[in-house]
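With chain A fixed as given, assemble chain B onto it according to the hints.
For the protein sequence lines, the chains are A and B, in the order given. The first sequence lines up with residues 20 to 160 when you count with the numbering used here. The second sequence lines up with residues 29 to 111 when you count with the numbering used here.
These are computed hints drawn from the structure, not numbers from a lab. Any given hint could be a false lead.
Using 25 Å as the maximum straight-line C-alpha spacing, the simulated DSS-like pairs for lysine-lysine come out as follows [to be verified]: (1) Lys33(B) - Lys45(A); (2) Lys33(B) - Lys73(A); (3) Lys77(B) - Lys45(A); (4) Lys46(B) - Lys33(B); (5) Lys46(B) - Lys72(B); (6) Lys39(B) - Lys51(B); (7) Lys73(A) - Lys46(B).
For reference, the chains in residue letters:
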Amino acid sequence: MTAQGPILVAYVGVSNARRVALVAAKQQIPNPIQVRALVDTGASGTCVDPSILKTLSLTPTGSATVNTPSTGSTPHTADQYDVSIIVPGAGPTHAPLNVPNLPVICADLLPQGFHALIGRDILSLCLLSYNGTTSLFTLAY
Amino acid sequence: MALEKELTVYKQKLPELKGQEGKFALIHGDDFIDTFGSYEDAMKEGYSKFGVNDPFLVKQIQAIEQVQFISRFVEPCELRRSV
Numbered sequence: 020m021t022a023q024g025p026i027l028v029a030y031v032g033v034s035n036a037r038r039v040a041l042v043a044a045k046q047q048i049p050n051p052i053q054v055r056a057l058v059d060t061g062a063s064g065t066c067v068d069p070s071i072l073k074t075l076s077l078t079p080t081g082s083a084t085v086n087t088p089s090t091g092s093t094p095h096t097a098d099q100y101d102v103s104i105i106v107p108g109a110g111p112t113h114a115p116l117n118v119p120n121l122p123v124i125c126a127d128l129l130p131q132g133f134h135a136l137i138g139r140d141i142l143s144l145c146l147l148s149y150n151g152t153t154s155l156f157t158l159a160y
Numbered sequence: 029m030a031l032e033k034e035l036t037v038y039k040q041k042l043p044e045l046k047g048q049e050g051k052f053a054l055i056h057g058d059d060f061i062d063t064f065g066s067y068e069d070a071m072k073e074g075y076s077k078f079g080v081n082d083p084f085l086v087k088q089i090q091a092i093e094q095v096q097f098i099s100r101f102v103e104p105c106e107l108r109r110s111v
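If we strip away everything but chain A, and leave its shape as in the complex, we get (with noise of 0.2 Å):
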């Protein structure tokens, strides 16, 4: 746990159907980039900085309509990114999180202290538990 809250550590990749098509197109896989992911029960979406988005070279392939207290009563539309994401495991026995097809929003979080928010769509294959007691935090799979 740390002042933002449960922060842990992920790796965001290209995702597999992409990392297909460059191997087929002969081009150069970027290696996967570890970020900072706050765990985030408030975002029903996972979302990634676009500095991220950027060194993997990755352009759009969807769009969301999102609401933030940003965007106020009014919805906006939102770039949406395929990528691939693992959370490693807590120890070199234990497999990782993989999400390999994963659609992310685009938004700016490195100015708040970490690179992605793991939304709801991520819990949703984990068990979270949040001891506020002892400051510690798991998440199971």
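Structure of chain B alone, referenced to chain A:
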């Protein structure tokens, strides 16, 4: 703006797609390609047909678009007001 043409095609096609709610539409430029049972299948077909440099749209078919909620104060990228 990215994928505006494809989004226009999706909205025009939506009345015909009511029986396929929940499936994923693949659209490229002015062309509605097909619908797929999963996001992964639609993405695979999109990349297979159009490669890694040619934009395409994969959108889940919803008669009423589900709004994504983010409770934090963040700015979605390339935001524009919904019509």
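Is Lys77(B) within 25 Å of Lys45(A), Cα to Cα?
holds, 16 Å
Lys39(B) and Lys51(B) were given as a pair; does the straight-line alpha-carbon distance stay at or below 25 Å?
holds, 15 Å
Does Lys33(B) pair with Lys45(A) here, judged by a C-alpha cut-off of 25 Å?
Violated: Lys33(B) and Lys45(A) sit about 29 Å apart, past 25 Å.
Next pair to validate is Lys73(A) with Lys46(B); report whether the Cα-Cα distance is within 25 Å.
violated, 35 Å
Check the hint pairing Lys46(B) with Lys33(B) against an upper bound of 25 Å on the C-alpha distance.
holds, 21 Å
Can you confirm whether the C-alpha distance between Lys46(B) and Lys72(B) stays at or below 25 Å?
Status holds; Cα separation ~23 Å.
Measure nothing beyond the straight line between the CA atoms of Lys33(B) and Lys73(A); if it is 25 Å or shorter, mark the hint as holding.
With Cα atoms ~22 Å apart, Lys33(B) and Lys73(A) stay inside 25 Å; holds.
Checked against the numbered hints above, the structure violates hints 1, 7; every other hint is satisfied.
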